[in-house]
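**Student:** On the provided structure of chain A, position chains B, C and D as indicated by the hints.
Chains as they are written, first to last, in the numbering used here: chain A, 1 to 344; chain B, 1 to 344; chain C, 1 to 344; chain D, 1 to 344.
To be clear, the hints were calculated from the coordinates, so they are not data collected in a lab.
Predicted, not measured: the structure shown is a model, and the values here were computed from it.
One or more hints might be untrue.
Because identical chains share one entry, a pair is satisfied inside a single copy or across any pair of copies.
Pairs of lysine-lysine residues, derived as DSSO-like cross-links and limited to a Cα-Cα distance of at most 27 Å, are as follows [as the list claims (entries may be wrong)]: (1) Lys107 to Lys138; (2) Lys270 to Lys40; (3) Lys41 to Lys270; (4) Lys189 to Lys40; (5) Lys92 to Lys164; (6) Lys189 to Lys41; (7) Lys270 to Lys122.
Here is what each chain is made of, one letter per residue.
There are 4 protein chains.
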Amino acid sequence: MVKAAVLGATGYAGAELVRLLSGHPDTEIVYLASHSYAGKKFSDIYPGMRSAVDMVLSEDSIEAAASVADVVFLALPAGIASKSVTEDILSKAKIIDLGADFRLHDKDTYETWYNVEHFGEKLLGEAVYGLPEIHREKIRGKRLVANPGCYTTCSILTLYPLIKSGLVDTGSVIIDALSGTTGAGRSEKTTSLFCEVNETVKAYGVANHRHTPEIEQELSEAAGAAIHVQFTPHLIPMNRGILATCYARLREGVTDEDVAAAYSMYDGEKFIRLVDTPPETRYVKGTNTVDIGYRIDHRTGNIIAMGAIDNLVKGAAGQAVQNMNILFSLDEAEGLSVASASTF
Amino acid sequence: MVKAAVLGATGYAGAELVRLLSGHPDTEIVYLASHSYAGKKFSDIYPGMRSAVDMVLSEDSIEAAASVADVVFLALPAGIASKSVTEDILSKAKIIDLGADFRLHDKDTYETWYNVEHFGEKLLGEAVYGLPEIHREKIRGKRLVANPGCYTTCSILTLYPLIKSGLVDTGSVIIDALSGTTGAGRSEKTTSLFCEVNETVKAYGVANHRHTPEIEQELSEAAGAAIHVQFTPHLIPMNRGILATCYARLREGVTDEDVAAAYSMYDGEKFIRLVDTPPETRYVKGTNTVDIGYRIDHRTGNIIAMGAIDNLVKGAAGQAVQNMNILFSLDEAEGLSVASASTF
Amino acid sequence: MVKAAVLGATGYAGAELVRLLSGHPDTEIVYLASHSYAGKKFSDIYPGMRSAVDMVLSEDSIEAAASVADVVFLALPAGIASKSVTEDILSKAKIIDLGADFRLHDKDTYETWYNVEHFGEKLLGEAVYGLPEIHREKIRGKRLVANPGCYTTCSILTLYPLIKSGLVDTGSVIIDALSGTTGAGRSEKTTSLFCEVNETVKAYGVANHRHTPEIEQELSEAAGAAIHVQFTPHLIPMNRGILATCYARLREGVTDEDVAAAYSMYDGEKFIRLVDTPPETRYVKGTNTVDIGYRIDHRTGNIIAMGAIDNLVKGAAGQAVQNMNILFSLDEAEGLSVASASTF
Amino acid sequence: MVKAAVLGATGYAGAELVRLLSGHPDTEIVYLASHSYAGKKFSDIYPGMRSAVDMVLSEDSIEAAASVADVVFLALPAGIASKSVTEDILSKAKIIDLGADFRLHDKDTYETWYNVEHFGEKLLGEAVYGLPEIHREKIRGKRLVANPGCYTTCSILTLYPLIKSGLVDTGSVIIDALSGTTGAGRSEKTTSLFCEVNETVKAYGVANHRHTPEIEQELSEAAGAAIHVQFTPHLIPMNRGILATCYARLREGVTDEDVAAAYSMYDGEKFIRLVDTPPETRYVKGTNTVDIGYRIDHRTGNIIAMGAIDNLVKGAAGQAVQNMNILFSLDEAEGLSVASASTF
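Pulled out of the complex, with its shape left as it was, chain A reads as follows (with noise of 0.2 Å):
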């Protein structure tokens, strides 16, 4: 059995973790922590899970955690982890950072589009990007992994084989995205209440969002060569979900076929089914797979490939999962769902 620690446990994605963590056949978890709650029952702030997880909650301590834990999950706000962890907490436990922190292998980018300063950043050296269908085999054995961002996840893993073999424009590439509400967090925010996102719809952080770096970071790497990208999020009236709908230039001679070699890629991935109309959300509810649809457009010389996660399961707390299936030998899709969440 994996022991498991989880600080930030009553953020949405920290609970969303101790659901999974609390179904995974081989995990225990050992600790939970929360700023907001502690010195109350984790089921007391998420009812749902009444005698299911009725643990404790503490407060936020990555020595606690790392002294009970063979893995400690972090989900914390920004600058948080680059400053706790150390390489004695790394010798104790490995670590799963939801947030952003060790995500930016360059900690002047981190530092720009964050504008928090980084503490740690000759661990940036070691902690691995945990995208397994990307770097599976970085992964392994690694002490420190930087859980990637939630429309990162679904922008990357739609965009990436087009970029790797070299069929659209690198300087074309627009990311349209749209997410649910719980991609905003738990925190008491007036652009938060039900009646400020019901029935109304907007884009936010237009060409100055935080996961820009992560997908140029990660998209530049395919390309082997600095890559931009405009990347759009928008917030919509639901709970749960991802949809990149992503724009990029064909390459002059590109064929259909082209694209679907490029995609074969993800052949054999458990957690990728190429899809042959446009993803939608509901369909990947719960589950940690990825949708993904393209289209080519041979009027306008352009592809639209789109993605669909669920933000909180790929887009974080079932990716770490996936993430620390792969540190300790699991099968990598043990306590995550592919394919049968509820679909309405």
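**Tutor:** Here is chains B, C and D on its own, set in the frame of chain A:
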């Protein structure tokens, strides 16, 4: 392995049943039928199940189903099951009917409320009303189970202890219930369109909803005398869930302890949680659990008892699986979630 | 032109009032205040009003408001109005209080249910309960109007004819009400977040909601004797609207004609429509209309009377404008919609 | 008083038009028709309009309509208007067609994208594309106005200044649009059911949506050369509203001032507001207003221009009224809201 067949597999209750059966460790789906989509794959209609359930749908045939399955689930419109379930069918397979045809013991009551002729009168005596928390022992060994309705499951379980223990005036029972829109089914009706349901609420079936006699039958049995209830359902803009707010006048001298003692009849029930705040439907979403809470109002002399279920699980498909588990001597909770569902 | 001021202009009821006043042909907004957003423009907070209401918000000051306005609307938390409305203020401007401070005639009842000290006892006798369909003549000429609550407006108007005409057992009244989430206000609370309200439903304030004594006060007056009601509100996932489903036991011998005759008291009321199907909240959205329907259930001996309003219009801002129209001898419907709102 | 008739009065666009016309001070509704509900009262179908519009619906007849009305609005499926609008009809009444039949100047383009034969080719030259902010002067005095589509109105008005001023690479235009579900119409389709739309999002009509040629026609006219755009609509779970997020590559040397100057073409337009934050659909709900905002991304070289409208008002019925106002020399904004709609 129990071999299972589902007729009416593409309605909401049927599809939820397929979802549950596909994840049940001791069940194998051997036959799926759908009048509307015969010839297509189940996963064409519910693409979230791609790779999980790709079986081709047959035209509804109870004979074909019974010849290959140990248990046949019927999720069909009123009036069909009473015609098609025969002695011959029952000699081949057990039947769990998610529809209403065998729920009412009295043919005339059925015909009055449903306005449909009943063709299976002689089987009415054999059929058992499949509410395990009340009739568990009667269900064992039966061939024909009438799976209760969604409103009825919630209402009966919420009120049963009060009636059974004689704590309330049986003439005073009012059930005000709210249902998510999967309760209206998947048929193409203007009244079920998104823009006709979203951002509004209404009562329907006021004083004449078909679940009324079913609730009265079971509560009368508990009371040991015929009782009438006032039942008013409402349609609300969400997908899943039923909340029943039930009112009854406490008999004189009834104490808080008497009420607590009455509800203690559910001690040990895996799928019933007594909660001390008003139950919310999201906390039982995707599970087979009933959350029940109550408030005694000494000022008015009433008790307000509230129950919450997922209409498609405990209110339909989950309870059907629970009944199957009983019929086939499996663990009653196998393949069913108690508490691990996501609540947002 | 009536010069109008609004304190608490950026809460939902306040903002709706600003919207209505800005379109009212005989009103000029001369002062708007908001504790949270003083110094900003109203249209910064409600950008839909850009170019329509760009007035800068003041810090709440009833003195400043009363010195420039003919009528001051208060949309403030409980306990503030009772302190700030004075003889001096009333000598300068009429006050329409959308809060609860002057609704209950009895100081003790107020303090018991609201758990707040009342500082304006001597004005309780002067204040009029501003429900025009019941107290129209008493409102005329008054200086201080207590604008009724949302649940109370809907519940009282739905039940009043039955109680007034003595058709029902006054000890049997149950009000089961559903409210959209604007009813919870615009303050930053976890329980009002989109993902905590969407796709779920719950009762709250069971047996102790503050609107109870207000309903009882008015219905007792109608009955000519003190009566208690059982009132249970529920929060549902939509922005606007209240539906009250009210139950009462019909006195023996009461006929359908008696009931029709009782409701005929509303003949000629511009804002009340008797409807023959269960009312829906969408049909009154944005209007000051109350839709009322009822069903007599001879089987059970109960009447089920249902009322629907827009909680922010007839349940707050619209009724406040209606009261203003009465106070200033304008057409009672001026600036208010009866029927033209969009219903989807 | 302008006498108005509406064919297709019970679809969502038609009903919204009836709502607007019923509140228009210089219009009298003289004829309403509905194929589905002929013989019923309009307010039977839209009970929110009880007492406001109780007219009985006729079977659709353009002849009957033209014989009693000054203007006939058509809100009919593609292919019907091109057959029924004749010289004779036009000699009796002005026609404002909310459908697509007269929007495209080229018959072949129409038939290719709509897959319907066009019977009114000779009227294509007479019809004017009724987008007042672009073609106001051409509309005056016309007999036949082709009212633009919802996506097209929003997309064209958002991009027009950039194209007209030559600021962007015309080959780079991408329009990623989101629509509320009234956009899918009121017909009974499984895909429009509440439970199929709620809590999910998807693209549709990728690379082949019928609004594409309409956008291209108008933007090509602005560019002075044929251009293609990539247009991708998405269906989102809300009733009303369209948000178009438009991307284009800025030509070299284009400055922020150039862009501001281009958009200044809308100075004085009553129904266009330039906003400095990303527009939200709720801020234009119920109004005829277009909110347009943009962000120049110097890092990528792109401009992101965003437009928001109410699809049923500026995207259909409101614009039709605006066109009627122009045709009959009324104030262009009469009967239309600019800013006073409620935004929650």
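**Student:** Can you tell me if Lys41 and Lys270 fall within 27 Å by alpha carbon in one copy, between copies, both or neither?
**Tutor:** Only across copies: Lys41 and Lys270 sit 21 Å apart there, 35 Å inside one copy, limit 27 Å.
**Student:** Reference check for the pair Lys189 and Lys41, CA-CA at most 27 Å: within, between, both, or neither?
**Tutor:** both (24 Å within a copy, 20 Å between copies)
**Student:** Within, between, both or neither: how does the pair Lys270, Lys40 come out at a Cα-Cα threshold of 27 Å?
**Tutor:** Close across copies (24 Å), not inside one copy (38 Å); limit 27 Å.
**Student:** Between copies, within a copy, both or neither: which fits Lys189 and Lys40 at Cα up to 27 Å?
**Tutor:** Both, since 23 Å and 18 Å are each at most 27 Å.
**Student:** When no copy is named, should Lys92 and Lys164 be tagged within, between, both, or neither for a Cα gap of at most 27 Å?
**Tutor:** neither (37 Å within a copy, 57 Å between copies)
**Student:** Between copies, within a copy, both or neither: which fits Lys107 and Lys138 at Cα up to 27 Å?
**Tutor:** Intra 21 Å, inter 58 Å, cutoff 27 Å: intra-copy only.
**Student:** Using 27 Å as the alpha-carbon threshold, which applies to Lys270 and Lys122: within, between, both, or neither?
**Tutor:** This pair counts as neither: shortest intra-copy Cα distance 34 Å, inter-copy 51 Å.
The earlier numbered hints that this structure contradicts are 5 and 7.
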